[in-house]
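Peer 1: Construct the entire structure; sequences and hints are all you get.
In the order they appear, the protein sequences are chains A and B. Reading the first sequence from the start, the letters are residues 5 to 113 in the numbering used here. Reading the second sequence from the start, the letters are residues 4 to 116 in the numbering used here.
Wrong hints could be hidden among the right ones.
A few chain A residues that face chain B, going by a derived Cβ cut-off under 7 Å, partial list only [what the hints assert, rightly or not]:
{"#": "1", "residue": "Gly46"}
{"#": "2", "residue": "Pro47"}
{"#": "3", "residue": "Leu49"}
{"#": "4", "residue": "Ala96"}
{"#": "5", "residue": "Gln99"}
{"#": "6", "residue": "Lys100"}
{"#": "7", "residue": "Phe103"}
{"#": "8", "residue": "Thr105"}
{"#": "9", "residue": "Gly106"}
It should be emphasised that the hints constitute simulated quantities derived from the structure, not laboratory data. The beta-carbon is built from N, C-alpha and C at its ideal position, and this holds for glycine as well.
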Amino acid sequence: TQLLEQSPQFLSIQEGENLTVYCNSSSVFSSLQWYRQEPGEGPVLLVTVVTGGEVKKLKRLTFQFGDARKDSSLHITAAQPGDTGLYLCAGAGFQKLVFGTGTRLLVSP
Amino acid sequence: DAGVIQSPRHEVTEMGQEVTLRCKPISGHNSLFWYRQTMMRGLELLIYFNNNVPIDDSGMPEDRFSAKMPNASFSTLKIQPSEPRDSAVYFCASSLRGEGEQFFGPGTRLTVL
Chain A
5 TQLLEQSPQF LSIQEGENLT VYCNSSSVFS SLQWYRQEPG EGPVLLVTVV
55 TGGEVKKLKR LTFQFGDARK DSSLHITAAQ PGDTGLYLCA GAGFQKLVFG
105 TGTRLLVSP
Chain B
4 DAGVIQSPRH EVTEMGQEVT LRCKPISGHN SLFWYRQTMM RGLELLIYFN
54 NNVPIDDSGM PEDRFSAKMP NASFSTLKIQ PSEPRDSAVY FCASSLRGEG
104 EQFFGPGTRL TVL
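Peer 2: Here it is as structure tokens:
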């Protein structure tokens with residue numbers, strides 16, 4: 005069974021702080037996706053990383069795929085209240101996605 | 004495009020009753036997924052279809068759960084009989100291909116009393 009463990013599970017920070025969320029697995033994935041979910045809604049894709057070692061930036065968000073394609077990280081610079089939500093990584097393989105355990109982020113003004 | 008449509012948005016029922024959740028995927032998408040989300044267990048894949056054919060239903064918790072996709076534009080997830088532990092938010096998602104970006108519906112919040 006493929007499992008994706010995310011850490012931390014919960015993170016409560018002040019506006020302006022930096023943070024990093026980790027997504028780890030013992031399995032290799034063909035690609036890895038990051039989603040954000042806001043209360044009362046379904047997850048929405050932020051980015052897909054495909055190549056081992058790949059780094060992608062989306063404004064203040066930086067995503068990295070591990071060299072071995074087993075892990076990934078999401079770094080947020082100068083967090084804002086609008087970044088609040090549930091962050092989910094998802095590994096692609098066997099015609100489906102395996103979603104991580106999730107990191108719940110709260111950014112206070 | 005209207006996105007993935009789910010109905011109902013909220014469902015409150017009593018233990019033992021039959022519950023049917025409905026999903027209309029995005030037109031042209033070949034893959035459809037049913038998920039269940041709870042605080043304790045996170046987002047769990049229940050079953051997924053490719054070109055209307057069920058591919059993997061290993062995530063369906065029990066025989067009380069069943070899913071169908073009679074055509075490319077409609078799918079149902081049925082729970083019969085329902086139990087309080089089935090209370091969760093159920094999401095439907097669709098994608099152009101199984102490993103591609105998934106587009107989620109707004110979810111159905113199910114409460115079984």
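Peer 1: Could you run down the list of hints and mark each one as holding or not?
Peer 2: Evaluation of the provided hints:
1. Gly46: holds (3 Å)
2. Pro47: holds (5 Å)
3. Leu49: This interface hint holds because 5 Å falls under the 7 Å limit.
4. Ala96: Hint holds; alanine 96 of chain A Cβ to chain B Cβ min 4 Å, cut 7 Å.
5. Gln99: holds (3 Å)
6. Lys100: holds (5 Å)
7. Phe103: holds (5 Å)
8. Thr105: Hint on threonine 105 of chain A: holds, closest Cβ of chain B at ~5 Å, below 7 Å.
9. Gly106: Holds. Min distance 5 Å.
Every hint, counting from the list given before, is met by this structure.
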